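Protein chains in written order, with this note's numbering: chain A, 1 to 422; chain B, 1 to 422.
Any given hint might turn out to be false.
Since copy identity is lost for identical chains, a pair holds within one copy or between any two.
Below 35 Å or equal to it, Euclidean Cα-Cα: the simulated DSBU-like pairs (lysine-lysine) are [what the hints assert, rightly or not]:
1) LYS187 / LYS376
2) LYS388 / LYS242
3) LYS242 / LYS25
4) LYS3 / LYS376
5) LYS162 / LYS187
6) LYS176 / LYS388
7) LYS392 / LYS29
8) LYS419 / LYS265
9) LYS3 / LYS176
For the record, the hints were derived by calculation from the structure and aren't laboratory data.
Predicted model, so just to flag it, every value in this text is computed and none were measured.
Chain by chain, the residues run as shown.
Protein chains: 2
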Amino acid sequence: MKKMNTSPISGTQELLPEVQAVFDKLKQKVAENYKAHGYLNVETPILERTEILLAKAGGDTEKQIYKVAKTNESMEDATEALRFDHTVPLARYIVEHESELNFPLKVSQMGECFRGERAQRGRFRELYQCDVDVIGRGDLPLFYDVDVISTLLDAFLSFDLKTPVIARISNRKILKGLLSGLNLQEKAADVYSIIDHSEKVPAEKTEAALDEIGLSPDEKAKILAFIYLNGEAEVVVDGIRKLGVENEILSEGLDELTEVTRLLKADSYTNFVVDMKIVRGLDYYTGTVFEFILPEYKDIGSVCGGGRYENLAEYFTEQKFPGVGGSIGLSRLFFVLNDKKLIDFVSEKPIEAAVVPISESENQYALKVAKEIRGKGLSVTVVATDKKLGDKMKYASKIAKAAIVIGENEVAAGTYEIKKFN
Amino acid sequence: MKKMNTSPISGTQELLPEVQAVFDKLKQKVAENYKAHGYLNVETPILERTEILLAKAGGDTEKQIYKVAKTNESMEDATEALRFDHTVPLARYIVEHESELNFPLKVSQMGECFRGERAQRGRFRELYQCDVDVIGRGDLPLFYDVDVISTLLDAFLSFDLKTPVIARISNRKILKGLLSGLNLQEKAADVYSIIDHSEKVPAEKTEAALDEIGLSPDEKAKILAFIYLNGEAEVVVDGIRKLGVENEILSEGLDELTEVTRLLKADSYTNFVVDMKIVRGLDYYTGTVFEFILPEYKDIGSVCGGGRYENLAEYFTEQKFPGVGGSIGLSRLFFVLNDKKLIDFVSEKPIEAAVVPISESENQYALKVAKEIRGKGLSVTVVATDKKLGDKMKYASKIAKAAIVIGENEVAAGTYEIKKFN
Numbered sequence: 001m002k003k004m005n006t007s008p009i010s011g012t013q014e015l016l017p018e019v020q021a022v023f024d025k026l027k028q029k030v031a032e033n034y035k036a037h038g039y040l041n042v043e044t045p046i047l048e049r050t051e052i053l054l055a056k057a058g059g060d061t062e063k064q065i066y067k068v069a070k071t072n073e074s075m076e077d078a079t080e081a082l083r084f085d086h087t088v089p090l091a092r093y094i095v096e097h098e099s100e101l102n103f104p105l106k107v108s109q110m111g112e113c114f115r116g117e118r119a120q121r122g123r124f125r126e127l128y129q130c131d132v133d134v135i136g137r138g139d140l141p142l143f144y145d146v147d148v149i150s151t152l153l154d155a156f157l158s159f160d161l162k163t164p165v166i167a168r169i170s171n172r173k174i175l176k177g178l179l180s181g182l183n184l185q186e187k188a189a190d191v192y193s194i195i196d197h198s199e200k201v202p203a204e205k206t207e208a209a210l211d212e213i214g215l216s217p218d219e220k221a222k223i224l225a226f227i228y229l230n231g232e233a234e235v236v237v238d239g240i241r242k243l244g245v246e247n248e249i250l251s252e253g254l255d256e257l258t259e260v261t262r263l264l265k266a267d268s269y270t271n272f273v274v275d276m277k278i279v280r281g282l283d284y285y286t287g288t289v290f291e292f293i294l295p296e297y298k299d300i301g302s303v304c305g306g307g308r309y310e311n312l313a314e315y316f317t318e319q320k321f322p323g324v325g326g327s328i329g330l331s332r333l334f335f336v337l338n339d340k341k342l343i344d345f346v347s348e349k350p351i352e353a354a355v356v357p358i359s360e361s362e363n364q365y366a367l368k369v370a371k372e373i374r375g376k377g378l379s380v381t382v383v384a385t386d387k388k389l390g391d392k393m394k395y396a397s398k399i400a401k402a403a404i405v406i407g408e409n410e411v412a413a414g415t416y417e418i419k420k421f422n
Numbered sequence: 001m002k003k004m005n006t007s008p009i010s011g012t013q014e015l016l017p018e019v020q021a022v023f024d025k026l027k028q029k030v031a032e033n034y035k036a037h038g039y040l041n042v043e044t045p046i047l048e049r050t051e052i053l054l055a056k057a058g059g060d061t062e063k064q065i066y067k068v069a070k071t072n073e074s075m076e077d078a079t080e081a082l083r084f085d086h087t088v089p090l091a092r093y094i095v096e097h098e099s100e101l102n103f104p105l106k107v108s109q110m111g112e113c114f115r116g117e118r119a120q121r122g123r124f125r126e127l128y129q130c131d132v133d134v135i136g137r138g139d140l141p142l143f144y145d146v147d148v149i150s151t152l153l154d155a156f157l158s159f160d161l162k163t164p165v166i167a168r169i170s171n172r173k174i175l176k177g178l179l180s181g182l183n184l185q186e187k188a189a190d191v192y193s194i195i196d197h198s199e200k201v202p203a204e205k206t207e208a209a210l211d212e213i214g215l216s217p218d219e220k221a222k223i224l225a226f227i228y229l230n231g232e233a234e235v236v237v238d239g240i241r242k243l244g245v246e247n248e249i250l251s252e253g254l255d256e257l258t259e260v261t262r263l264l265k266a267d268s269y270t271n272f273v274v275d276m277k278i279v280r281g282l283d284y285y286t287g288t289v290f291e292f293i294l295p296e297y298k299d300i301g302s303v304c305g306g307g308r309y310e311n312l313a314e315y316f317t318e319q320k321f322p323g324v325g326g327s328i329g330l331s332r333l334f335f336v337l338n339d340k341k342l343i344d345f346v347s348e349k350p351i352e353a354a355v356v357p358i359s360e361s362e363n364q365y366a367l368k369v370a371k372e373i374r375g376k377g378l379s380v381t382v383v384a385t386d387k388k389l390g391d392k393m394k395y396a397s398k399i400a401k402a403a404i405v406i407g408e409n410e411v412a413a414g415t416y417e418i419k420k421f422n
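Chain A with its partners taken away, still in its complex shape (with noise of 0.2 Å):
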């Protein structure tokens, strides 16, 4: 037999049947947050037109595009590809079936998108994405900026995580806004990438950036005092006011800033701030923007994105769909938490309950006792390998809370005892 390597391929998870178990659940989780939030689930294919999926060019979308085809066919004429986020399919969804939704539509997606990353430790391949959006037809209201961050948050406080998690908010019309009105439009992708940058760097570093795209003194000040700020959404905007920069777009941006922050604090919301360093899609994004992290683990980074984009299908449709959404990607998150152990894996038995035959002449009445328990909701297995009591026991004891022993007594009898495992 030819040796063959049977690890599963890089940048791909594979749990053992305990670990996943605890994946499931945050996946259920997830699933059940999305829900209880009123929005929707569809599932968009895997498999799209790379016509499709390359609508939009630039960035590093067709670098990491994984086509495919039939063993007989060549790659020049693959007319397919595998998925890369749930966006682009939901894009290609809403202008298909327009006319048979309703919209606002808030929908929900979760499954495994696909990108050609360079295999490294904790960066994935393929990739669970769990996205949650709300998409308009014509206008939406900023209401539903609220809905999709508090419908996000919630899926996280449920995970119970062993450590905090922060909401961190932008809108992407105050530095829109703050470049007009400085007469910087012209630096705006520098200034942007900068900001990007200036959480990884000391302010030294960010501010020779600034000078070196020939920002004058005054200009890099205000710059660099708008970077800086964060906390309480009151303080940031007062901040941003007081650099006197006088623009229609920022004054708009700052109001939605502080009706968005007004109404999560007002829904009960406690573990969010404002802060001005987050981008995010530099091309995409067009108003709010968030990024959840745990601040107790910063060199994790963000753990959930998202924020207001003004037209979701403008390569597809002339019409305009602007939507607001945010993503949980899921297997990175599971593989952090799971890596600095920030969730509890304790009595991830799956199943409640073994019933034990002795011999094969109980399996019948193992069955039916089986039955019945798993007629109450639970899970429930029968044990009936023709290995010795002890060994089936030590076997029960791996996979379930509990065992229920039977042997000719209890046929007789017709009863059944629960024994827990410590």
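Following the hints, put chain B in place on chain A, whose structure we already have.
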């Protein structure tokens, strides 16, 4: 803008949210039943080494497999492909993690598989498969054949279909032993294929086919008698014994079939028959084989199938892992149920309540009411569009079972009223 084709690609499933909700419900019922019977869920990656998928040469696998490659890679070098079923990845999983698993391992796998089928109505290239398998190390008692069949039957019964489901059961040892006893081993492949076809053609054609491969009149009579035996296990087993063929494997098969059906009956299952026309995966199954049909819709063919295999991982290891398993092809099943209207779509509005603030000033109180109702475990959404109340209520009636209108009075009094839609 370039006009693009936004339909989902052929051979994939894409549903409207209210239909997706029914699909998701079936999926959940399958998962619940698998869990209730003590199967541990496992997710192997969708991406697999081509080498692993093609370890077992021959058959249609090579033609049907989808290889993946990044845009800048050539197909020749594609060492990765999409799984076409859950069995091959499971074999790899068992070999890879053997030392950390408890045997017999009862395992379920649910997720998309990919097959390069020719596009056809109701034929999927991306298909959602729900498998259960019990894998032994070295040996595996016959009892687990019953475990798998009863688990799959319970899943089907939980669907509340408007038509009955019947499991047809056979045992491959019977035909193998019969052909051995008749000294027809060399014609086995031909006979299997004739039996497999016998269902779709009149008896004369089957008879002619048996003539063609050169059976003597006595041999032909015995094979024909065998083919058309079906019904109660006792009747079938008795009928086969009356053929007067002596063979050890034949006896073993008859004993196994008798015991499997005896236990199923003892376990209160009535919706199964014994049928010698069941062959299934020629070069794979070695004992019990079964498939489920909807007898009122015979043209649909099998909606679930499986059986006993001697050696799951023979291409990856010298160790012996016998197993028994079965699979529900949920995409195809759902297509059929939908097409023939065999499943209840009534009241599938997935959201329990829509909270409708009359104006923006009631948004905050609407959030509070929504949170309160959600706390009771209900799915609830807030309708915060800028539309008139009538339009909002029309929207609410389309997506939710009930509405809660919030106006100034409700806010002032701190009350709310739930109004069910008819």
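*Is it within, between, both, or neither for LYS162 and LYS187, if the alpha carbons may be no more than 35 Å apart?*
For LYS162 and LYS187, the Cα distance exceeds 35 Å both inside one copy (42 Å) and across copies (65 Å).
_Copy assignment of LYS187 with LYS376, given that the CA separation must stay at most 35 Å_ = Neither way: LYS187 and LYS376 sit 66 Å apart in one copy and 51 Å across, limit 35 Å.
_Alpha-carbon proximity between LYS392 and LYS29, which holds within one copy, between copies, both or neither at 35 Å_ = For LYS392 and LYS29, the Cα distance is within 35 Å both inside one copy (34 Å) and across copies (30 Å).
*asked:* I want to check one pair: LYS419 and LYS265. Are their C-alpha atoms no more than 35 Å apart within a copy, between two copies, both, or neither?
replied: between (48 Å within a copy, 28 Å between copies)
*Classify it for me, LYS388 with LYS242: is the Cα-Cα distance of at most 35 Å met within a copy, between copies, both or neither?*
neither (80 Å within a copy, 39 Å between copies)
*Between the shortest in-copy and the shortest cross-copy C-alpha distance, which are at most 35 Å for LYS242 and LYS25: within, between, both, or neither?*
neither (47 Å within a copy, 54 Å between copies)
_Intra- versus inter-subunit Cα pairing at 35 Å for LYS3 with LYS176_ = Between. Shortest inter-copy distance 31 Å satisfies the 35 Å Cα cut-off; intra-copy 58 Å does not.
*Under a CA distance limit of 35 Å, which applies to LYS176 and LYS388: within one copy, between copies, both, or neither?*
between (73 Å within a copy, 33 Å between copies)
*How would you classify LYS3 and LYS376 at a CA-CA limit of 35 Å: within, between, both, or neither?*
For LYS3 and LYS376, neither the intra-copy (47 Å) nor the inter-copy (55 Å) Cα distance is at most 35 Å.
Of the numbered hints stated above, those contradicted by the structure are hints 1, 2, 3, 4 and 5, listed in ascending order.
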